[in-house]
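Protein chains in written order, with this note's numbering: chain A, 23 to 117; chain B, -2 to 480; chain C, 3 to 495.
Any given hint could be a false lead.
[What the hints assert, rightly or not] Calculated lysine-lysine pairs in the DSSO-like style (CA-CA distance at most 30 Å, straight line):
#, chain 1, residue 1, chain 2, residue 2
1, B, Lys84, A, Lys32
2, B, Lys84, C, Lys242
3, B, Lys135, C, Lys242
4, A, Lys114, B, Lys259
5, A, Lys32, C, Lys419
6, A, Lys97, C, Lys101
7, A, Lys114, B, Lys219
8, B, Lys219, A, Lys97
9, B, Lys177, B, Lys259
10, A, Lys40, B, Lys23
11, C, Lys419, A, Lys40
12, C, Lys419, B, Lys23
13, A, Lys40, C, Lys101
14, B, Lys84, C, Lys419
15, A, Lys97, B, Lys23
16, B, Lys84, A, Lys97
17, A, Lys114, C, Lys101
No lab work stands behind these hints, which were simulated from the structure alone.
One-letter residues, chain by chain:
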Amino acid sequence: MALDKATVAKIATLARIKLPPSEQEHLAGELSTILTWIEQLGEVDTAGVEPMSSVAAMELPMRNDEVTDGGCREKILANAPDSAGGFFTVPKVVE
Amino acid sequence: MAVIRGSSGDWEVVIGLEVHAQVISKAKLFSGAATDFGAEPNTQVSPIDAAFPGMLPVINRYCVEQAVKTGLGINAEINLVSVFDRKNYFYADLPAGYQISQYTRPIVGKGKIRLDLADGSTRDIGITRLHLEQDAGKSLHDQHATLTYVDLNRAGVALMEIVSEPDLRSAEEAGAYLRKLRSILRYLGTCDGNMEEGSLRCDCNVSVRRPGAPLGTRCEIKNVNSIRYVMQAIEHEARRQVELLEEGGAVEQETRLFDAGKGITRPMRSKEHAHDYRYFPDPDLLPLRLDANWVEALKRSLPELPDAKKARFIEQYRLSPDDAGVLVAEQASADYFEAVARGRDAKLAANWVMVELYGALNRLGLGIEGSPVSAAGLGELVDLVIDGTVSGRLAKEVFAAMIETGKGAAFLVEERGLKQVTDSGAIESAIAAVLAAQGDKVAEYRAGKEKLFGFFVGQVMKATQGKANPALLNELLRKKLAG
Amino acid sequence: MSALTQLTIAEARAGLRGRQFSARELAEAHIAAVAAARPLNAFLAETPERALAMADAADQRLQRGEARAMEGIPLAIKDLFCTEGVLTTAGSRILDGFKPPYESTVTAKLWAAGAVMLGKANMDEFAMGSSNVTCAHGAVENPWRRRGDNRPLVPGGSSGGSAAAVAARAAIAATGTDTGGSIRQPASFCGIVGMKPTYGRCSRWGIVAFASSLDQAGPMTRSVRDAAIMLGAMAGHDPKDSTSAPVPVPDFEAALTGDIRGLKIGVPHEYRLDGMPAEIEALWQRGIDWVKAAGAEPVEISLPMTKYALPAYYIIAPAEASSNLARYDGVRFGLRVPGGSLDEMYENTRAAGFGAEVRRRVLIGTYVLSAGYYDAYYLKAQQVRTLVARDFGAAFQRCDVLLTPTAPSAAFAIGEKQDDPIAMYLNDVFTVPVNLAGLPGISVPAGLAADGLPLGLQVIGRAFDEATVLRVAEIIETAAGFTAKPAFLAGGG
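Looking at chain A on its own, in the form it has when it is part of the complex:
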């Protein structure tokens, strides 16, 4: 599958990675090569094969409904690039 520049730009937007148009061309080529290589999977007959959801042959463990965490705002905010009044802050969003 050959990816064009527009598709690369669209994926980059979905992934929130700014991609100058100058890089789009190059990446489109690179990603197309990888995808073409990946597509050899098409040779495998997978009809009726269950997709693997986890290699762990076990049940989903569950925990009890107890408060064991939180109450540590200083720790939670300590690494934030910006915060105010106990909140994280981001550029203003208009809904």
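Based on these hints, arrange chains B and C on the given structure of chain A.
Just chains B and C, lined up with the frame of chain A:
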């Protein structure tokens, strides 16, 4: 079915609701942080909720139980295997960049909710599914000129998304659906249903069509936070779509917001609806497998739900469907009523609860839980009415005093001397005094003007400050007048 | 003093308990070696004060006769492990300055077993790479050199800093993580032992996630016995990781009986790749001969899906990574590059914070999950993954472990293969299937290539049968008698 009359003919509105109900639990769905409403910002956040590097989710068993109970409460299939998926999108209050939700394999499948309509009939609304997911944090846009503030206390609280079929046909039906769903959730204790605090939120899918035509293009109105607003938003949106179509326009599938101040819907400005969520099974979690016996045990432990209770009230207490419906809307009211009705005249009990108690609570702006008069207290008063200690009329006075003072019925009757007079001697002397004072009226009565009887009753009642036993008074008065 | 940096864990354990030297002396020797190893760029952060404090505590325990499994053993910790209060960047600029308020389960277990932290080891950014060329903070150099050629070589990846530090005698051992070969391939390139345990054996809690269904932590050591000792300290059920297996941890060291008589050793013929260097073929054959001589029985087996494991991996791993890396958004930790809107801030931050390989994989992962492509790519890859696991299941009906080369080549020069992502991805052709099936695998140094570089052999076992894997690995280790040392030795010769 409600019909919108347009200039070019009738239109039918088609509504499906997606309700987000916050699960009642102490801790969050995948972390051990608390869920209390109204805490200081970011004080109920674990590194898992804030999606710190290397943090992993572990599911809260009780939240799973709550979802299954809710599924059973809406008569739905419980899926013994369900899968948690990641729904990927970027937003300020979604710390991981994905929400853990359930996409292709929800925990609860098809179910139904019965609506009690105004004309006394019922209608079943289909439930498509119920799935478990994480709530997002809160973005505050009005705290700063150029910044949005983010509080992650709510991030990770368990939510049940309950999706209805597009079976609703009017704003009233949508309102009835929400009230019924909320009532079931509260009975089950799985969601407190508090819309102001956001523990119950509603997205409305609205479209219009010519009656019988295929479904029209729908708009989704996001995050409406009261039943009244849901009804207003649907009304407005349906009219907007009809006007648009009648002007030759087309409805564009989009996400809209309800502006409660103006009572209108408007398109959302942010581009979040240009979504491609890239769902895939969360590799940090395994499929959720439920034990059929465990589900069966939960089913047996469910409380009696509104529909069953209503049927029982009609059957057991001989109440009208309307009265039974009113009494079962809230579990607390139903319990209150039953406590009053136990061993007493049920219709009298229902009347006292629905007329006097509800009236008083309404005036005071209180819920049944805050009632100054307990069910036992009201029962005591009803007993006094039944055994003739106090007349029905004066009992209302006693009840008002109970509400005001919190004192017991018998005590107040005694204290205020409101006990009914059943001593025939006392009543006879009062009658004698009235008849003596009204000689000409007595003559008129005896001459055939029998409707004066009521006048004499009133006079005697007045003389006994309303305390005379009415039946006894009637009997004695009739005898005296007969001469 | 430099003799202390030559010791294995087992030797140091004996020396510490026998009071031949103190944990502090051992730590000081290694702190000096870490400093001397700076030209390799193997460490992103050095923690000498913490090392000394931990060593002193270890000495107290040793004095009281309360020594634990790893008491006083100085380790390098891959920068993917969150270490409380110590810079943790996953080798990425996007985690600039991040000091976790928690300790990963695996490192916490190591500290609870008495181990000493020397610092954080460099790595491919977010563990995405096989060369350690994609580190945001500069490439790591392999301490080995080709004979008669002083060009710097890659240590392999992604646990390249860990491998280089252990090979150069800057640390007795190191933690690594392995998503598609990130422990075993650098171990092979650097002439050390590297083990990827069964998926679920070691907790992933507190390890920066690359591909959650594949990531697994493991030990990187200079002997198989050391791997057994260290794995015992790292492993165990963790209720904080829903994929951590609730199974007991056996005494791995006790499994090293030296007796593999009667074991069936599977040799997968699909691993005989066209164009694989003859000396790797020859080494593999030597390995088969060694186990045969020790009384085991080689059996030819087939893993028909081998060819498809790598492309399936390059769908699954980037898909999971694209989602796992969404949290690096400039809001709660790490780098923020301002922007006029929220989305602009995200885009600027992630463009500046992620290197080329990470960007490439995030974009691939985003694409294969996007609407309309999910079934063709992701679902297909997960189906192929089922078939890969079935291959192994069938093979283990006929044998007890598999023996294969670890990588199709020895270490290559920094700069080689860099412009060809697929050539780079092919490094992992023998290791990736093991991750897809969640099995344990170990790389043991087994000999030198003609140019003097180390080559490893891989032993693969049944799920949770690390004991047998280690037992066979030790036989190979003994038979190979690998004593060669790299050109650069931080701890002195």
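Which of the listed hints are broken here? 8, 10, 12 and 14
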